[in-house]
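Visitor: Protein chains in written order, with our numbering: chain A, 1 to 359; chain B, 360 to 827.
Heads up, some of the hints might be wrong.
Unchecked claim - Below are the DSS-like pairs computed for lysine-lysine, each with C-alpha atoms no more than 25 Å apart in a straight line:
1) A:Lys242 with B:Lys525
2) B:Lys729 with A:Lys20
3) B:Lys525 with A:Lys20
Just so you know, the hints here were simulated from the structure itself, not pulled from any lab data.
The primary structure of each chain is shown beneath.
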Amino acid sequence: METKQIILNELPMRTWNHLKMNEAVLEGVEISGSLPVEIQVEGQLETEKNIPESIPGIPTGAGRAVDALAEESDASVTTLKAAKPGAKGKAILQVKAAGQTMNRIFLEAAENAEMTVYLDIDSCPEAEGITLLQTKAELAPHALLRLVQIGHTSQTLDVLNDIGVRCAEGARFELVQLYLGGGRVWSGYEADLLGDDSSCNVYVGYHLQGEQKLDMNYVVRHRGKRSDSVITSAGALSDRSKKIFRGTLDFIKGGKTATGAEKEEVLLMSDEVHNQTIPLILCGEEDVAGSHGATIGKADEDALFYLSSRGIGKERAIAMLAKAKVDSALAYIKDPDLRERTENVIEGIYGHTDEDSES
Amino acid sequence: MKEKTFVDDINRSVYDVRDEEKDAYRIKQGLTEEIVLKISEEKNDPEWMREFRLKCLKIYNEIQVPDWGPSIEGLNMDNIATYVRANTDMKGTWEEVPEDIKETFERLGIPQAERESLAGVGAQYDSELVYHNVRKEVEEQGVIYTDFESALTGPYAEMVREHFMKLVPPTDHKFAALHGAVWSGGSFVYVPPGVKVEIPLQSYFRLNAKGAGQFEHTLIIVDEGADLHFIEGCSAPKYNVANLHAGCVELFVGKNARLRYSTIENWSKNMYNLNTKRAIAAEGATVEWVSGSFGSHVSYLYPMTILNGEGSHTEFTGITFAGEGQNLDTGLKVVHNAPNTTSFVNTRSISKGGGCATTRSSIVVNANAKGSKSSVSCESLMIDDISRSDTIPAMDIRTDECDIGHEASIGRISDDAVFYLMSRGLSEEEAKAMIVSGFADKVSKELPLEYAVEMNNLIRLEMVGSIG
Numbered sequence: 001m002e003t004k005q006i007i008l009n010e011l012p013m014r015t016w017n018h019l020k021m022n023e024a025v026l027e028g029v030e031i032s033g034s035l036p037v038e039i040q041v042e043g044q045l046e047t048e049k050n051i052p053e054s055i056p057g058i059p060t061g062a063g064r065a066v067d068a069l070a071e072e073s074d075a076s077v078t079t080l081k082a083a084k085p086g087a088k089g090k091a092i093l094q095v096k097a098a099g100q101t102m103n104r105i106f107l108e109a110a111e112n113a114e115m116t117v118y119l120d121i122d123s124c125p126e127a128e129g130i131t132l133l134q135t136k137a138e139l140a141p142h143a144l145l146r147l148v149q150i151g152h153t154s155q156t157l158d159v160l161n162d163i164g165v166r167c168a169e170g171a172r173f174e175l176v177q178l179y180l181g182g183g184r185v186w187s188g189y190e191a192d193l194l195g196d197d198s199s200c201n202v203y204v205g206y207h208l209q210g211e212q213k214l215d216m217n218y219v220v221r222h223r224g225k226r227s228d229s230v231i232t233s234a235g236a237l238s239d240r241s242k243k244i245f246r247g248t249l250d251f252i253k254g255g256k257t258a259t260g261a262e263k264e265e266v267l268l269m270s271d272e273v274h275n276q277t278i279p280l281i282l283c284g285e286e287d288v289a290g291s292h293g294a295t296i297g298k299a300d301e302d303a304l305f306y307l308s309s310r311g312i313g314k315e316r317a318i319a320m321l322a323k324a325k326v327d328s329a330l331a332y333i334k335d336p337d338l339r340e341r342t343e344n345v346i347e348g349i350y351g352h353t354d355e356d357s358e359s
Numbered sequence: 360m361k362e363k364t365f366v367d368d369i370n371r372s373v374y375d376v377r378d379e380e381k382d383a384y385r386i387k388q389g390l391t392e393e394i395v396l397k398i399s400e401e402k403n404d405p406e407w408m409r410e411f412r413l414k415c416l417k418i419y420n421e422i423q424v425p426d427w428g429p430s431i432e433g434l435n436m437d438n439i440a441t442y443v444r445a446n447t448d449m450k451g452t453w454e455e456v457p458e459d460i461k462e463t464f465e466r467l468g469i470p471q472a473e474r475e476s477l478a479g480v481g482a483q484y485d486s487e488l489v490y491h492n493v494r495k496e497v498e499e500q501g502v503i504y505t506d507f508e509s510a511l512t513g514p515y516a517e518m519v520r521e522h523f524m525k526l527v528p529p530t531d532h533k534f535a536a537l538h539g540a541v542w543s544g545g546s547f548v549y550v551p552p553g554v555k556v557e558i559p560l561q562s563y564f565r566l567n568a569k570g571a572g573q574f575e576h577t578l579i580i581v582d583e584g585a586d587l588h589f590i591e592g593c594s595a596p597k598y599n600v601a602n603l604h605a606g607c608v609e610l611f612v613g614k615n616a617r618l619r620y621s622t623i624e625n626w627s628k629n630m631y632n633l634n635t636k637r638a639i640a641a642e643g644a645t646v647e648w649v650s651g652s653f654g655s656h657v658s659y660l661y662p663m664t665i666l667n668g669e670g671s672h673t674e675f676t677g678i679t680f681a682g683e684g685q686n687l688d689t690g691l692k693v694v695h696n697a698p699n700t701t702s703f704v705n706t707r708s709i710s711k712g713g714g715c716a717t718t719r720s721s722i723v724v725n726a727n728a729k730g731s732k733s734s735v736s737c738e739s740l741m742i743d744d745i746s747r748s749d750t751i752p753a754m755d756i757r758t759d760e761c762d763i764g765h766e767a768s769i770g771r772i773s774d775d776a777v778f779y780l781m782s783r784g785l786s787e788e789e790a791k792a793m794i795v796s797g798f799a800d801k802v803s804k805e806l807p808l809e810y811a812v813e814m815n816n817l818i819r820l821e822m823v824g825s826i827g
């Protein structure tokens, strides 16, 4: 298949081009196959290989170019369903990523159903190229989907991780993402809060090191009345890493008394890092409340002083604060088993960071 | 029946009086090399300026219109006369100014303001200044405040040439290039080292001509340790065709100097306001922008400060009020380009009656700006459900040695705040009126009293019943 260039992670409303924040450009994309997905299912979930009818139309954060790529490359499909009203279940998906691959995951939850899905994206150390993953979810009234994604691939492998979710009345989507690996990572997310009282909550944690780059585009469309959303992005940048966070709360006319909040905390750990943040609030509805808050800077002097008073050297203290950003994600993972899995991945990367004094 | 709160449109009667365009010189519509050369000839440009204008025209023709921001499809340069000159030259006393033009400025309160609270005034009518005066005591301090054309050929000609469109190069964007090609009028200010101008200078820009453009250039140089407050006002009567304002403001603020630049912008609602304002601050300097945007059909307005010297500081306080038929895209830009620089930004926007207010900003902290701090706060208020309010703040940070905070909120009048005020004895109407007034108060308190009054007159919040 020929390589191509795609435009992705486009801001819903453009700004000055010289800032280079309006979109990302992905060059030389070539898909030659799909990865095997290892699936463990608990409870009342069903797996399929077909594409549910309603799902292709759901927009994602990365945008239509990724849909087109999936169609062209005939990327394989993994469908998980909580098909019966009130069904409950959990699935653990593991992917050993490799370059020039694309996979699609479709999740469907019936009325009042409750799904928990854990996706572990790893790779072998020598993996190269790019792996693309698209996840789309359709939530029926009052359904709940909890999705946990842990990415810890090799820094020689680029990753595109794209999500689109649509929530009917009273439905709720909870997403926890941790980016702990990958060379260049593009992360897209769009939630369409279509139904009244629907809601979504996203926590994305990251620690970028070396030459890593993370390019995010997170969009929530508030269409339903009383819909509610939170986007929290917290992470640390070390060495020569680079990150852009695009976050958009779009209050569409008719979505009365909707509420949305974006929060961002970025810990800057080197004078060669590059951080870009652009949090949009778009408002066509009068009766809403939207907010954004960002704190960007180096390690808090009070925290460093405290750690120093406990005998911990500055370098190690800063590393601990970076890991704390990643650890914060654990509080958002409600399932004890999944929390433990995540903790194990984190510890596997960082080792134990007990407050042992440095001699 | 419950009455709705009514947030009135700006009372424009004083601004909408049109003078007959008699005996005026009007260049033909459009933008061609011939027109640019004719303007240059009319203005007796020095050779370098004539060449510069032609270069700018070439750049204008090469640059695309922005692919972001409000639509400017309704603006057709083929229908715009870029130079209109009233049948008068510049006068030094109001008595000498032609009666109809003087009356217009009297209605706008400019001569009165000059008598009561200004150190100097420049009044531009269409493309040229018709009045310019500066108080003797200010002149004696060595302060130069003159029309731009005089500066271009006078004793400060070299200084003007050295600075003209250096901060806003014509390649910056399409309308900066347009400005460079057809600029006319404006002011030049030079404040010598250590001089503190105690009361403000003001330039007022009036565009009377239908289907015309105004392209004044303001160049202010505040030398080391000096201090100045400069006020800019503008208005135009409303016509049923597009008018264009593409002015340019360049501010050079020297070491440990301070410049406050206040604007009350009240163009008519057929105006495309594509203005560019930029300041550069040397070591320890302070640049303060106070900006009230009330008029125009479409606005692109983002005053920018480049903090180029160690310890320099900028503040931006702005309010935008977008009513029916208005799409106002306003905001600011700050570049931290030296260590220990600081910026403090506070914006408010109100949209009503189908108006669209967009707050757009960028804070850039370069790798050399170690120890810099920035705090940005943007608040937006929607008065009804037919309007729009968007916030697009960008931050680009390239050093770890900095502290950047940003907060933005959007919403309606808080029921809790209304309830609290009512529990203290206010009626619902009074409570809501107080909240909306308070929302704008952070800007008006930054203005000199008489301008704060003008701003409140512009907003004219008439509250009866409940908002919604």
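Visitor: Kindly indicate which numbered hints from before are broken by the structure, ordering the numbers from low to high.
Guide: Hint 1 alone not satisfied by this model.
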